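Same order as they appear, the protein sequences are chains G and U. All residue numbers in the first sequence are consecutive under the numbering used here, ending with 166. All residue numbers in the second sequence are consecutive under the numbering used here, ending with 1715.
Be a bit skeptical, because a hint or two may be false.
The calculated DSS-like cross-link candidates involving lysine-lysine, where the alpha carbons are at most 27 Å apart (straight line), are [what the hints assert, rightly or not]:
(1) U/Lys1428 - U/Lys1164
(2) U/Lys1626 - G/Lys130
(3) U/Lys1385 - G/Lys151
(4) G/Lys154 - U/Lys1428
(5) U/Lys1590 - G/Lys130
(6) G/Lys130 - U/Lys1428
Since the hints were made in silico from the structure, they are not lab data. These numbers were taken from a predicted model, which means no experiment stands behind them.
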Amino acid sequence: MTRKTVTCTINGKRREFSIDVRSSLSEMLRGEASLDSIKHGCDVGECGACTVLIDGRPFNSCIYLAVWAEGKEILTLEGLTDTKGTISDIQQAFMDEGAVQCGFCTPGFIMSSIPIITSDTPASREEIRKQVSGNLCRCTGYENIVNAIEKTQKKRIEERKGSGKK
Amino acid sequence: MRETPIGTPIRRLDAISKASGTQMYLSDYRFDGMLYSRMVRSTVARGRIAAINMPPLPDGYYFITHKDIPEGGVNELYMIKKDYRCFAEGDVRYIGETIGLLVGPDRGVLLDLEQGIVIEYEEGVPSISIEEGLACKGGPFVGDRNLFCDFTIDKGNIDEVLAKAYRVVEDEINTGWQEHVHLETNAAVAEKEGDKFIINISCQCPFYVRKSVAGLMNRPFEDIIVRQTTTGGAFGGKEHFPDILAGPLLVAVNKIGKPIQLVFDRHEDGAFSVKRHPSRTRFKTALDKDGNILGMDIDVVYNAGAYESCSYVVLQRGVFHAAGVYTIPVTRVRGRAVATNTFPSDAFRGFGAPQTLFAIEVHMCHLANELGIDPLELKKRYFNKKGDITVTNGHINDTVVLSEMLQQVMEASGYAQKAATYKPGSGKGIGISFYNHGGAFTGNGEQMIIKAKAKLHRRADGIVAILVGSTEMGQGLQTALAKIVARVLDVDQDRVVYDNPDTSCVADSGPTVASRSTMIVGKLLERAALEMKERWEEPGEIITQAEYQHPEGYPWDQSTFQGDAYITYGWGVCAVEVEVDPLTREVITKGVWSSHDVGVPIDELVVKGQIHGGIIQSLGYAAMEKLENTAKKGFKQVGLSDYIIPTSMDFPAQTATLVHNPYPYGPFGAKGMGELVFNGASAAFIDAVSRAVDTEIRSIPIPPETLTELMKHGA
Chain G
1 MTRKTVTCTI
11 NGKRREFSID
21 VRSSLSEMLR
31 GEASLDSIKH
41 GCDVGECGAC
51 TVLIDGRPFN
61 SCIYLAVWAE
71 GKEILTLEGL
81 TDTKGTISDI
91 QQAFMDEGAV
101 QCGFCTPGFI
111 MSSIPIITSD
121 TPASREEIRK
131 QVSGNLCRCT
141 GYENIVNAIE
151 KTQKKRIEER
161 KGSGKK
Chain U
1001 MRETPIGTPI
1011 RRLDAISKAS
1021 GTQMYLSDYR
1031 FDGMLYSRMV
1041 RSTVARGRIA
1051 AINMPPLPDG
1061 YYFITHKDIP
1071 EGGVNELYMI
1081 KKDYRCFAEG
1091 DVRYIGETIG
1101 LLVGPDRGVL
1111 LDLEQGIVIE
1121 YEEGVPSISI
1131 EEGLACKGGP
1141 FVGDRNLFCD
1151 FTIDKGNIDE
1161 VLAKAYRVVE
1171 DEINTGWQEH
1181 VHLETNAAVA
1191 EKEGDKFIIN
1201 ISCQCPFYVR
1211 KSVAGLMNRP
1221 FEDIIVRQTT
1231 TGGAFGGKEH
1241 FPDILAGPLL
1251 VAVNKIGKPI
1261 QLVFDRHEDG
1271 AFSVKRHPSR
1281 TRFKTALDKD
1291 GNILGMDIDV
1301 VYNAGAYESC
1311 SYVVLQRGVF
1321 HAAGVYTIPV
1331 TRVRGRAVAT
1341 NTFPSDAFRG
1351 FGAPQTLFAI
1361 EVHMCHLANE
1371 LGIDPLELKK
1381 RYFNKKGDIT
1391 VTNGHINDTV
1401 VLSEMLQQVM
1411 EASGYAQKAA
1421 TYKPGSGKGI
1431 GISFYNHGGA
1441 FTGNGEQMII
1451 KAKAKLHRRA
1461 DGIVAILVGS
1471 TEMGQGLQTA
1481 LAKIVARVLD
1491 VDQDRVVYDN
1501 PDTSCVADSG
1511 PTVASRSTMI
1521 VGKLLERAAL
1531 EMKERWEEPG
1541 EIITQAEYQH
1551 PEGYPWDQST
1561 FQGDAYITYG
1571 WGVCAVEVEV
1581 DPLTREVITK
1591 GVWSSHDVGV
1601 PIDELVVKGQ
1611 IHGGIIQSLG
1621 YAAMEKLENT
1631 AKKGFKQVGL
1641 SDYIIPTSMD
1651 FPAQTATLVH
1661 NPYPYGPFGA
1671 KGMGELVFNG
1681 ASAAFIDAVS
1691 RAVDTEIRSI
1701 PIPPETLTEL
1711 MKHGA
């Protein structure tokens, strides 16, 4: 068993782990960093429950080798809550729109929605459905999830307009 | 009392922990000294175990089998009957049957050890399909006919009606296996605390788990404590199936003395777990010369797999729903659950009703085709009305508002115009289906079998705790029940708490199944809360309890299946519009419209969430969730790349409406609804596709390759 040191930024903090080189990123984040919002739904990149952002892009962390995370910036659901423990608008929207049922897919869905809600180009409902189609949900029929993402996207675009940013 | 209607949405009790990522599920718990485990299973569908050749086990590793069952314990998991073994012993009946449990500290080592186990079998000839089971291929292994049960219910004399009929239309409808695909796989950790056994488990029915293993462990119920962990979806797949994990784990904990975790990986959860029963429903329908339906002879067979588990009960529900929402003057329904060498079929949302409801809807369409009229016109003539006699010679007690619901769906979908414009075979089609779901346990089961209790505790800190065994699995039950209690007590919602149940602390309110929890347990809590409200001014703690009371005047005989199988039903109407690609036969769903009667919704957002999810699951069942089983390999489509469930792109936005139709015995007028919403969309989809391609479809699922074959060769 070969071990290696991986240094990366997780939710804004620089972290260093000595890991088995065969580990997946999800194993490192759950096992070493205790970030349990990352769910193991399939372990083969089919369900999306382990989605995290790596340098701003969503990845299935179960099929991303931990060693590839060297030097990367990783964002997990835990990183969306601010230092006072206040949750973000997208999390609030998931709660308000009834997008949360059993909750097992929820962290992955929220992470997959970040690029949509932070984009300056508004996405149609069809485009939202396409962008989260790598995340499976068996409870909601997706309707309320799309509602939550659409609502947050619109709110953020309005906010950016209000603050003069393009 | 507050003035807003009860249905006005509130924040779900579990929303914040789940949206913030702090919610723990079973696999997130770590216990001191916890060991891991892997199930070792049969790789043949039928045979005798000739030898089990084990690799050398390193120190600290164990292989647990039936030989390790504690003294006085019996190799059984007590579900409805005691026929289900905890470990295979001597012979195996299906691929995936538990033979043993490998236990040890390192998961990698366990995987290596598992690879090194060689089990030799003397293989028998298995039966896999319904036809093979009925033909006793390889010789019967349950009784002398391979039947777990075989019963018939008559309303009038069908033989006379068939003999006198102007014509008789025969039909056969088939449905396939379906996998639950709860996103959280099956998972449990067992441990010992003092002389008591603890099972932490993702499940629907903690008291079922306790009952199932008590005989195995030769312990009284009180010595086994089941703690439900937050459950990431279930759909019936965690009703009895958690027993299959709990049994071997407890035997292992008894021997080893350390906490042991068993978490299925996705492949295991697909290949080696219970499924929805495949079905074959045959009709002989008697018509007079004017095209009126005189009677139906319906023959229902479900593929139960290798053990009975709850198949008899599932079949009963299928049989009692066999005439759908229609009052047919004379009926006979025969039901058989056939034993095959497949993984046991078990509970799945709808519990036997979806198969026969699908069959009757499709058959009614075929009858309409024979008569040359729009299916809707035929179906409307036979809608159940209050006071009508059911197939069990009981009554429809509800005021049935199907016509009003139909009106809603017609207006939203433009059904009339589309049905008239889209010519058969044009590639465009719209379909419509009607369905119901009998609330709670069949007949007097709530009174005779379940005897539910519910408890409320106003603690010293003024917080009111709901103490019931009913579980949250994503359906929103904690929210619904807490809302009922807060409403009755007229206290702020956040003063009512409802933790995951622990069997040593809560009242046994019965299993979280059969769409019974809001309707039955909610009513008990309403009563317990009313009593608490009367005593509210008392100082200190208050505990109130309520026990189930069966309403008078709804006779039922469980030995003959005669009477009111259900006091009330939820009702549904669904329309689906499709376009079929002429080349690839890919079906694009263009619209989905539904109306449901759930009595009074306790929370409209929760109810709509159930409707959306149930309908998509039902559309998946019809359109894409193909699951084959072979004698050599067992289930063929086991990963999520092979077993295809709907993604966010497969079906469009839905329009869902509700009618208010209060149920007098439900809390705030609520009826059951979790299963109802699964029961009908599949038939509407198939109606639409059949019209679009002008071909009758008699079997689901119907993925594009199957549709192509069907259109080439006919049904």
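Tested hints:
Annotation: proposed proximity of U/Lys1428 to U/Lys1164 is violated, straight-line Cα distance about 39 Å (limit 27 Å). Distance restraint check for U/Lys1626 and G/Lys130: the Cα-Cα separation of roughly 23 Å lies within the 27 Å cut-off, and the hinted pair is therefore satisfied. Taking the CA atoms of U/Lys1385 and G/Lys151, the gap is near 43 Å; set against the 27 Å cutoff, the hint is violated. Taking the CA atoms of G/Lys154 and U/Lys1428, the gap is near 34 Å; set against the 27 Å cutoff, the hint is violated.
Distance restraint check for U/Lys1590 and G/Lys130: the Cα-Cα separation of roughly 16 Å lies within the 27 Å cut-off, and the hinted pair is therefore satisfied. Restraint check: the Cα-Cα separation between G/Lys130 and U/Lys1428 comes to about 24 Å, which is no more than 27 Å; the hinted pair holds.
The structure shown violates the earlier hints numbered 1, 3 and 4.
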